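Student: The residues making up each chain are set out below.
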Amino acid sequence: MTVGRRSAGRRLLGSATPFLFLLPALALVGILLLYPFARSAYLSFTDYKGIGAANWVGLDNYRNLARDPVLSRTLTNTMLWVVGTLILPVGLGLLVAVLSYNAKAGSILRLPFLIPYALSGTAIATVWQFMLIRDGALNNVLDAIGLSSLARPWLLNPPLNTWSMIIASTWQAVGVSVLLFLIGLQVIPPEPIQAARLDGADGWRLFRDMTLPMLAPMTIVVVGISLVNSLKTFDIVWIMTQGGPYRSSETLAVMMYRETFVLFKHGYGAAIAVMLSVIVLAVSLVYLNRTLRNT
Amino acid sequence: MSYSSDPRSRIHAPRLDRRQLLKGTAAAGAGAAAASMGLGHLTDVSAQTQLSFYHDKSPWQDFFVQLGASAQEAIGIGWEPTPYSDTTSYQAALLAALPTDQAPDMFTWWSGYRLEDLYTQGALLDISDIWTQAIADGNMPESLAAAFTFDGAQFALPSNVSYWPVFYNKRVFDDNGLSVPTTWDEFVGAADTLKAAGITPFGATQVGRWPAFIWFEEMILRSDPQLYLDLTAGVVQYTDDAVVAAMEVWKGLIENEYFTSFDVDMNVDIPPMFANGELAMYPIGTWYQSNFIDNGMVPGEDYDMFVMPNINPDLDAKSIIFEAGALGIAANAPNPDESKQMGAWWVSTEATTEFANLIGDAPSNPNAVSDNQAVKSLIDMLSADGYTLYQRYWEASPVPIVEGAVDYLAQFMLNPGDLMSVLESIQQLADQTWAEREGQ
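Chains as they are written, first to last, in our numbering: chain E, 1 to 295; chain G, 1 to 440.
In case anyone wonders, no lab produced these hints; they're calculated from the structure.
Predicted, not measured: the structure shown is a model, and the values here were computed from it.
Only true hints are included.
Listed next, the stretches of chain G that the computed footprint assigns to chain E, with coverage defined by at least 3 CB atoms under 8 Å from CB atoms of chain E:
(1) 84-97
(2) 252-266
(3) 398-410
All C-beta atoms in this analysis are idealised placements derived from N, C-alpha and C, irrespective of residue type, glycine included.
Chain E on its own, in the form it takes in the complex:
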């Protein structure tokens, strides 16, 4: 009996061993990710103001959010960020990576795109704000070269202010896309490309029919990261416009921050956070589900 118990215990320990190794990681995820999310979800049903009691208010915060006139503008801006980010940093990153890959002065061509990636978002925002204000560097340059008609207050009118900030963000974000696409290009085996060349494929056709499909695994990653990051856009907007003027450039993440930490409506801010999380999760699932199924 004793021997049997021992061996049963050993078997149990043996089967539990993998879970014991997983435990620290699970605990970290639980403490740092799941608990804060559960806490936010709970707060979204309360009137918590950052201090004092959190009184249960049911779905009031979500009802108020649905009625909030700022929400539609915020969702539109967030969508602009998603579309802009997919077209500009991802598209430009792919272009630079392909053009500079195997090119003689490729590293020099890539350098201007890689340096901004090393800068902080706050520094980028500050520099671009200096450039884009009405009396800023960009309008001064346009005036100096006789293109005054193109000068305008880039950060004052919607949706131009959001597009201006997307361009500023592109300046930084294109670097990481270039890096990732370069890695993708390096792992493409040379044989199929050579075979395609022998068959007469060249230039655009070679890129469209051979390189691009073989880059698909990396493209999925780059697009996926960009998608999620663009939905969460916060720092550059907060520094450059604080979501203004008159809340015209707010994204969902900026709206969440403002309601929570500027207006101390923590319950309402938590409701926006939950909505943002649900959107990010849903978009990610749909995207990964479709792209992974297709590949």
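Mind docking chain G on chain E? Use the hints.
Tutor: Only chain G this time, still in chain E's reference frame:
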């Protein structure tokens, strides 16, 4: 300067008590508290006490350190100031810490309605006894207490007091043959002259959100100070004819292109523009002067201040906006008695003189004298001419109204044609906010 002649003894605080949340006077609250507490028991403290002190005025960190050293010398209590460079992060950190045993002893905050949530959540120590003593000693004007009073008792001290005049570049005025305007027509006439000379007459911006209220409060106050009080107290609607008329005046100034571009940064762009003569006038708090001084300007020589004239020529009222920062003691302060002794020292003539001269702003204590000639002249003028002080819009009305209003006012600045829809939107917010407060 005698106590009675000081403008700060004539502060006309807005009716913070309209909804019965902020009521009573300094005298009533402070008197009751003094009877029960007194300051006598606060004398037995350790010579080694170092209080924790949080603030979000990072440019003043060295000054706070210096004041801590002076306090250590004077009363045997010092503090270790912890600066936060970002106000939003500071507020979040403080709100999280105050209900816990991690609360600091002392901290800076904002007065009026901005202090209300901390009071209603019981996060502040009642310091009415310090007020009673300071008023008795003539170290604080009784009327200033209203900005820190809830239910008849005081819950914070003034960390600093600023006035809101119009700063003007003296060289620019001299070069263009201008003198300080004393009527609205002269004020606008000066703007015309400056504009014709290629100089931007007035500074204004909506960058940072809050600066959008600066010209708004001036337009209302210069039309009728009672209108300003009634509007901030919710007695008058934002769509009232008198408010519309005041806004129309502002609209006229915008349409005449008297202003800087509304996307300039008040900390980065405006000071050099003002210093090099591209910009002539800027209405802002006296705390802002360090920006001019940092650009090589000497107070009283290169720049000076005047009070914006009344729009309505029949109006006799002499009014100016004031702003009071708050210095609170946490209800959960680890060293409440020592903190109160530090608070009592903070409002002394010695401390207020040293601090005001370090930050280059007006002293909150009527017995203190500023070494800044421009500030001294302003205070002397406010005293001599019997000015009444009105609390800044930012603190004078409930937070949800003000926070929403600054965004709508920015919309008006950029699209003056939206005037009525902007005022209607602010009024909707005001209706909702006052109704919620009545329901509480």
